[in-house]
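Novice: Listed here are the chains, written in short residue letters.
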Amino acid sequence: MKTLINLKINGREYEVAVEPTKTLVDLLRYDLGLTGTKKGCGTGECGSCTVIFNGKPVNSCLVLAIQARGAEILTIEGLKPAQGLHPIQQAFVDKGAVQCGFCTPGMILSASSLLKKNPNPSEPEIRKALSGNLCRCTGYQKIVEAVQSVGKDDERR
Amino acid sequence: MLLPKFEYHEPKTLTEAGEILRAVGPDASILAGGTDLLVNMKRGKTAPKHVVCLSRIEELKKTAKEQEALTIGACLTVAGLREVEQVGADFKGVYEAAGSLGSPLIRNLATAGGNIVTARPAADLPPPLIAYGADIKLMKENGERILPLEEFFKGPGETAIEPGEILCSIVLKEPPLYSGGGYEKLGIRRSLEISVVNVAAFLALDGPSGAINEARIVLGAVAPRPIRSPSAEGALIGQEPDERLFQEAGQKAAEDARPIDDFRASAEYRREMVKTLTKRALKRAYEEAKVREWRRWK
Amino acid sequence: MTSYSVVNSRAPRLDAPDKTTGSAVYIDDITLPGMLFGAVLHSPLAHARILNIDTSRAKKLPGVKCVVTSDDAGLVKYGVSPARYDEVLFCYDKVRYVGDEVAAVAAIDLETATEALSLIKVDYEELPAVLTLEDAVAEGAPLVHEEYARNIGAEVHHEFGDVEAALAECDLVLTDTFRNKRQDGAFIEPQGCIAEYDPKGNLTLRSSTQSPHYVQRTIAMVLGVPIGKVRVIKPYVGGGFGPKVAANSMEMAACLMSMKTGKPVKMGFTREEVFLYGRARHQFVHTLTTGVKKDGTLMALKNECYLEGGAYSSFGIATIYYAGSLLGGPYRLKNMKYDGYRVCTNKPACGAQRGHGGVIARAAWEQQLDRIAEEIGMDPVELRLKNMMEAGDVSCNELKMNSLGMRECIEAVRDGSGWKEKKGRLPKGKGIGMACGFFVSGAGFPIYRSETYHATVSIRVSEDGGTVHVYTASAEIGQGSDTAFAMIAAETIGIPLDSVSISSGDTEFGVDLGAYSSRQTLMTGHATKEAAMDVRRQILGVMARELKVDISELDLKDGLVVFKHGRVDYSHVRARYIKEHRGWQGLARGHDPLTFQEAARIAYLARGTIIGKGKYKPGDLGGTHKGAAVGTSPAYGCSAQVVEVNVDMETGKITVEKMTDAHDCGFAINRTSVEGQMQGSLSMGLGEALFEEVKFDEKGRILNSNLAEYKIATSLDMPNVTPIIVESHEPYGPFGAKEVGEGAIMPTIPAILNAVYDATGVRFQELPLTPERVFMALRSKERKTQQSTGEH
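Residue numbers (numbering that gives the first Met the number 0), protein chains in the order written: chain A, 0 to 156; chain B, 0 to 297; chain C, 0 to 791.
Each hint should be verified, as a subset may be incorrect.
[Said to hold, decoys possible] For each label pair, taking beta carbons as the anchor points, the in silico distance ranges come out as:
id: 1; chain 1: C; residue 1: LYS780; chain 2: B; residue 2: ALA159; range: 43 to 51 Å
id: 2; chain 1: C; residue 1: GLU697; chain 2: B; residue 2: PRO155; range: 19 to 27 Å
id: 3; chain 1: B; residue 1: LYS153; chain 2: C; residue 2: LYS694; range: 26 to 34 Å
id: 4; chain 1: C; residue 1: GLN786; chain 2: B; residue 2: SER265; range: 21 to 29 Å
id: 5; chain 1: C; residue 1: ARG56; chain 2: B; residue 2: LYS48; range: 56 to 64 Å
[To be verified] Not close to chain C: a few residues of chain B, all C-beta gaps over 10 Å, as computed:
id: 6; residue: LYS11
id: 7; residue: GLY163
id: 8; residue: SER190
Keep in mind the hints are simulated off the structure, nothing from the lab.
Where a beta carbon is used, it is the ideal one built from N, C-alpha and C, also for glycine.
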């Protein structure tokens with residue numbers, strides 16, 4: 000049986016009816032059309048479903064939608080300003096940190112969480128923060144360079 | 000991957016949780032972080048009819064420092080555990096173990112209590128917690144009880160928890176002067192790993208350059224549950240700490256280990272690694288013990 | 000020195016912004032009205048006869064719209080190469096591995112489809128299974144396929160020169176046997192598809208695929224749909240690496256069920272199903288015998304290889320050739336013998352994965368070359384330099400090196416890594432190692448016998464606005480091919496990159512064999528360039544007539560018409576343009592340079608819509624021996640790598656600390672993309688060297704069908720790579736470009752092996768180098784040393 004829940008996603012209030020078995024990633028992708036959050040494994044092992052949940056990056060495949068009642072969630076769609084790209088997004092474009100792009104939303108959100116706490120992270124700190132996001136295409140280096148470049152250049156993280 | 004159907008319950012208080020558990024009966028699982036339960040449900044390993052979520056119960060997420068004990072709520076996340084000042088300052092072994100668990104994303108969901116109550120032989124938190132002599136508090140409808148964490152584990156997935164009981168908190172007593180802890184984990188990669196072997200050590204010295212008063216060595220992933228190593232501890236107590244002693248302790252610890260062959264590693268390799276990891280964990284503990292001053296816990 | 004406006008730069012990729020905002024569409028992001036959800040029933044047994052399939056209960060479940068088995072699908076055999084069509088869509092007589100497809104269901108939602116699967120009752124008679132190479136080829140072993148005696152699905156025997164005679168003349172002959180383990184592609188996006196069959200008989204399949212073309216052909220053949228009515232569209236793909244090249248049974252099942260229900264059917268693999276499907280790197284066991292003269296001259300190589308291929312041939316028919324042919328370069332070797340045996344087992348089929356059959360052969364041989372170097376007292380770098388081929392050479396197996404920057408690559412990594420200062424001087428536990436690599440720039444022939452072009456491209460010029468649209472059926476799977484072709488088009492036509500848009504991955508746009516064998520930059524790049532030249536010629540041809548000059552006087556550059564000599568009066572052309580655009584702002588006026596926009600408009604007015612066409616087929620590649628088709632290529636990429644490792648001698652854990660990689664890609668169309676492909680290849684090589692292995696239990700079930708226990712490198716495992724681009728200017732490549740996507744992985748595993756030897760004194764002949772494997776070998780070596788010196 001479904002339960003009606005309220006939650007805030009990307010600054011917007013939502014009221015949705017969810018079954019207990021609905022995961023947060025499925026709610027976002029299939030019910031709310033927010034397909035930027037990806038599904039790579041379903042078991043918290045790849046990080047492509049990363050969202051920011053009450054200020055912390057988590058695997059949304061391991062959160063029940065019903066647990067998100069009252070939560071504030073940021074998905075990749077919520078990062079982009081009206082014009083142009085968020086500095087982290089722009090850095091990923093500029094530094095060649097995007098190949099197939101499937102890990103990219105999760106990587107960017109994990110990076111944004113790091114930069115909020117630590118505006119100028121070292122390379123080991125960046126690698127540690129991204130160590131729950133798997134990438135098979137880039138070898139991580141240009142991703143790390145992109146995050147480093149935001150740390151140096153920009154105030155608007 | 001789909002979850003099997005279940006009824007969801009979200010108590011607001013511990014009391015309510017106890018009532019629900021009594022009402023729904025044994026075909027119920029507790030949901031805290033979900034990093035273990037939801038994975039097992041998706042993989043078809045378990046299909047409880049009822050899922051009781053504890054993550055909204057505020058008192059389960061609190062930490063408190065009273066007299067000489069640090070109480071950690073069982074639903075504190077592993078990441079949250081690392082943010083508790085005392086954990087980083089006084090329980091380094093726990094701090095290090097928490098930092099090696101899963102990934103940064105997992106650590107934001109997984110709970111300290113979950114890593115205990117699931118009783119996985121390779122779990123990261125139980126060995127250092129046991130090394131620091133942690134107790135746990137369990138609550139049921141008709142009361143609560145405290146027992147040493149060391150006595151809680153029975154085997155893989157099996158603990159001393161009783162039907163209707165909830166693990167509420169972990170209690171760590173302030174460590175003595177000139178004591179220290181260390182945790183060593185061996186995995187195959189550097190993230191998202193389940194330990195092939197892990198070892199936690201605790202040493203209390205008789206003065207900054209004194210002999211060893213107390214020693215606790217806890218081995219993980221080499222027995223059905225985390226185990227102390229009485230042989231290693233016996234070799235350490237009363238001795239002057241040095242590299243050679245730690246090496247010997249490692250050899251002894253390997254004798255107490257009861258590893259098995261599985262798809263991650265062989266028993267033989269695990270036994271060898273107990274030697275090295277014990278030595279290294281002791282070194283860490285010793286480095287801290289040499290300089291640990293008395294700090295008044297405010 | 001030619002200067003380029005667009006190519007050879009670090010232009011940001013065209014698809015990157017959408018991928019960073021989450022608006023790039025992948026298959027699972029797509030929903031169609033009325034869509035059904037499908038699921039596949041897999042065999043739980045490794046080898047069994049099918050006695051009966053009862054779908055009646057499944058069909059009755061409310062919400063189920065379709066249940067299909069081989070009765071519905073038919074028994075048309077398919078595979079990758081027509082020489083080995085040994086699969087059918089659904090098993091009918093027996094199942095050959097845990098995961099083999101038996102039936103499929105389409106229902107109103109995934110829950111219902113999954114429940115329906117559990118209601119399909121299959122009666123199996125279990126048969127003994129063969130799970131290892133050794134078991135499969137043993138006398139009297141049960142047969143996976145009746146037609147493959149001794150479970151050998153394919154066998155190759157080549158000899159070039161006279162190996163035995165050459166070995167007899169050698170001063171040193173070494174033999175080693177080397178093995179890896181079966182791998183998984185581990186792309187982050189699992190396979191998925193949506194099939195849509197409309198009332199007019201048009202079948203459209205959207206799929207996360209590397210080759211819409213091959214998938215289109217297989218669907219048409221297997222399901223009996225006229226190929227002119229089959230369209231395959233590829234959305235963005237989250238990585239392919241090989242397993243996504245051939246049509247999979249899920250794609251065909253979705254098509255079949257859409258045809259039966261008249262509704263779109265969406266299907267996707269779970270991560271577990273990605274492992275069950277496999278089609279990734281084989282297990283190879285190579286026994287290599289190499290002979291040299293004492294001055295280091297390579298004389299002969301004997302290579303015997305057993306491939307553990309799983310239950311079906313898949314791409315393995317090509318793998319078995321690559322496992323031999325790719326050792327024909329990059330060294331001068333007159334005598335080479337290769338005997339390959341691809342063995343079937345009751346496990347998921349293996350296929351092609353980045354570097355194909357060349358990766359493990361290269362790993363084994365480059366380590367053996369280091370052994371040889373050590374025995375004859377020669378620096379490993381010098382041994383390579385001494386023997387390497389140069390541009391113009393032809394290998395003993397008829398591979399023509401039209402360009403080969405092997406020397407530049409070796410010298411670049413030697414000098415860029417501090418090799419001379421470090422080799423032999425690092426403390427115990429630290430090591431430095433090097434290796435070389437070599438790969439084709441596109442398979443010389445399609446996987447089906449045909450005279451087809453390998454790539455066709457059209458470029459449509461907008462009737463106004465001076466923009467062009469490139470249409471190609473090629474597959475952007477993350478490697479950056481869309482951007483590369485847009486850059487080639489822009490450079491060739493003479494317009495800025497942002498005047499070019501590209502649509503790709505759709506069989507409506509032409510023929511393209513797809514993203515595999517590292518072919519697209521060279522082959523589709525050629526076709527793009529030709530189409531762009533056609534556009535140029537048409538537009539400049541009109542301008543030449545309008546301006547009454549010879550076409551050779553005209554050029555296009557950076558979006559402007561350039562007059563090579565003197566002044567030309569184009570005012571009447573401009574006037575026509577301005578007249579048509581009364582009221583518009585910002586028009587070029589007066590003596591402003593004549594723009595491509597104006598020229599293209601005038602050309603349209605003269606000729607109608609301007610469309611440029613290009614096509615590519617390799618020229619004569621030589622190679623007269625059987626199987627020459629696999630290995631011969633229009634061009635070959637090569638690379639060299641130096642790796643530094645730190646081995647924890649007490650645990651066996653290896654840390655790769657530094658990687659210096661030089662890759663000859665002929666000419667970098669996009670420098671950032673080339674570096675990205677190098678770094679990504681190296682991370683896969685590192686994973687395969689240290690962690691990756693698909694593990695099975697005694698019943699043929701995969702033990703680690705997830706990304707926690709099948710371990711690819713994380714951000715904490717992969718070091719920084721110093722990438723060095725070498726450009727040897729391939730004469731048969733567009734702008735001189737050739738491959739990088741697959742060749743770059745080649746030196747990685749052996750460079751790590753050689754570095755580990757340098758650090759520990761142990762040569763490893765088995766992958767992966769897990770801490771346990773390393774530790775046990777170190778301990779064994781220590782014990783042997785103690786025994787021999789009488790120490791305790």
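Novice: Could you tell me which of the numbered hints above are not met by this structure, giving the numbers in increasing order?
Specialist: Of the numbered hints given earlier, those the structure breaks are 5 and 8, listed in rising order.
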